[in-house]
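On the provided structure of chain A, position chain B as indicated by the hints.
2 protein chains.
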Amino acid sequence: MKHYEGYLIDLDGTMFRGTDEIQGAKEFVDELNKRHIPHLFLTNNSSRTLEQTAEKLRGFGIEAQVEQVITASLATAAFIKEKLTSRRAFVVGQTGLISALEEAGIELTDQEAEIVVMGIDRNVTYEKITRAALNAQKGAYLLATNPDIKVPTERGFTPGNGAFVELVSHVSGKKPTYVGKPQPFMMEFALQKLGIPREKTIMVGDNYETDIMAGIQSGLDTLHVQTGVTSEEELAKYPKQPTYSVRTLNEWFSHM
Amino acid sequence: MKHYEGYLIDLDGTMFRGTDEIQGAKEFVDELNKRHIPHLFLTNNSSRTLEQTAEKLRGFGIEAQVEQVITASLATAAFIKEKLTSRRAFVVGQTGLISALEEAGIELTDQEAEIVVMGIDRNVTYEKITRAALNAQKGAYLLATNPDIKVPTERGFTPGNGAFVELVSHVSGKKPTYVGKPQPFMMEFALQKLGIPREKTIMVGDNYETDIMAGIQSGLDTLHVQTGVTSEEELAKYPKQPTYSVRTLNEWFSHM
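Protein chains in written order, with numbering that gives the first Met the number 0: chain A, 0 to 255; chain B, 0 to 255.
Isolated chain A, as found in the complex (with noise of 0.2 Å):
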């Protein structure tokens, strides 16, 4: 069995479910720390920032630090600066991309926005939404933070993130960019941030479509854990299946 020297971890599904714990996940963690080796948090939850992130994982006994936390808004806002000419962004989004883009230096603007960025917004309104359309219809860039339809919650479905900008993508007639799991960029972005070779570095994750795919798609070893959205019997449906799948991570310390 290959050791790996590097580990990239999802969170929700992963690490918790909302605001259960998962069996196993702090004595993982644990662990790694105990082990020296290298780890970043990866989450396309972009309403936190990244203390109230890492401040999460520490309610749930996980050691984290704010530098071992990449979200995707964290991401969209280095997408910007990396990939984008413009600086003018229109928001809609909760505190955690607003922060984000503010401390990328990105100017926050209603009107004449040359980039609409769309994170998960639960104020969203009617206007918001308009504001975003009219932006993206005079030729702004439509750049998202991830492109989830749909979010279990003990609910049912909510809408996700992508449920708007697929509105907003409809009627201004752009089309979108995601920049969260399994797009290329934020794994890039993490693989660059952990600074260990990519065939030593492990991503984990419980959701076959972003976690997973985001790890093959980025020709990395991946680890699947059947405590979160994948159930055992959907993963087997996927043709290209990941490297390992355990019931919890505690299947996985004599792996170390």
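Hints in this document: simulated from the structure, not taken from any laboratory.
Nothing here was measured: the structure is a model prediction, and the numbers come from that model.
Heads up, a few of these hints could be off.
Straight-line C-alpha distance at most 20 Å; calculated EDC-like pairs for lysine to aspartate or glutamate [stated by the list, open to error]:
{"no.": "1", "chain 1": "B", "residue 1": "K127", "chain 2": "A", "residue 2": "E153"}
{"no.": "2", "chain 1": "A", "residue 1": "K174", "chain 2": "B", "residue 2": "E165"}
{"no.": "3", "chain 1": "A", "residue 1": "K239", "chain 2": "A", "residue 2": "D220"}
{"no.": "4", "chain 1": "B", "residue 1": "K173", "chain 2": "B", "residue 2": "E111"}
{"no.": "5", "chain 1": "A", "residue 1": "K149", "chain 2": "B", "residue 2": "E126"}
{"no.": "6", "chain 1": "A", "residue 1": "K127", "chain 2": "B", "residue 2": "E153"}
{"no.": "7", "chain 1": "A", "residue 1": "K82", "chain 2": "A", "residue 2": "E187"}
Okay, now just chain B, sitting in the frame of chain A:
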């Protein structure tokens, strides 16, 4: 030239354009009244009540009784009573839709709805959209006043009801049923109310995709007027042409 004994007349783009009057509209309706030709006004706009719609017409000097107005909201309420057995609905929409449903004796509820009814709602919130999606997931019928994805305004294209309906459909996996033009239900509802045989009735409107299609699909002759959405050039591209097309309704008087 055929003489028509009944007229079905579109509103926005045909009788007025937003808050602007349209040349010939008032004279056209005056002429119908002078000749005692029965006519109804048909609109996909679901936000205004019947009375508010009639008032809006009268504001342009156009004679209109409440009984002559058919909105997509009125047709949607009639659809529920005629086609569905349930009377418990969760509504996303404005006054026009809510009052049409209440007057039809539909019970409005937040939870465990058997029907989700959607019309344009400029006070839409994440929670309203979420409840629509959750009710639809649990099996509620997904019914919508009209399918318009975008609405032309002086600001540009703003999101129409269809854009939000598609979002809810996407999240819930439920296919929507649309009631307004060009769907046959609204046309049959109007024809029945008008009481003139369809071969003696003409549908008048500016929008090919809604008004003219509605007429063609319901076996009516159609009069396209070039004062709104579909220009003469755009009209030429459609394989099925309206029976007539005029620049303004002033050109029609000689045919009445």
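Violations among the numbered hints
none
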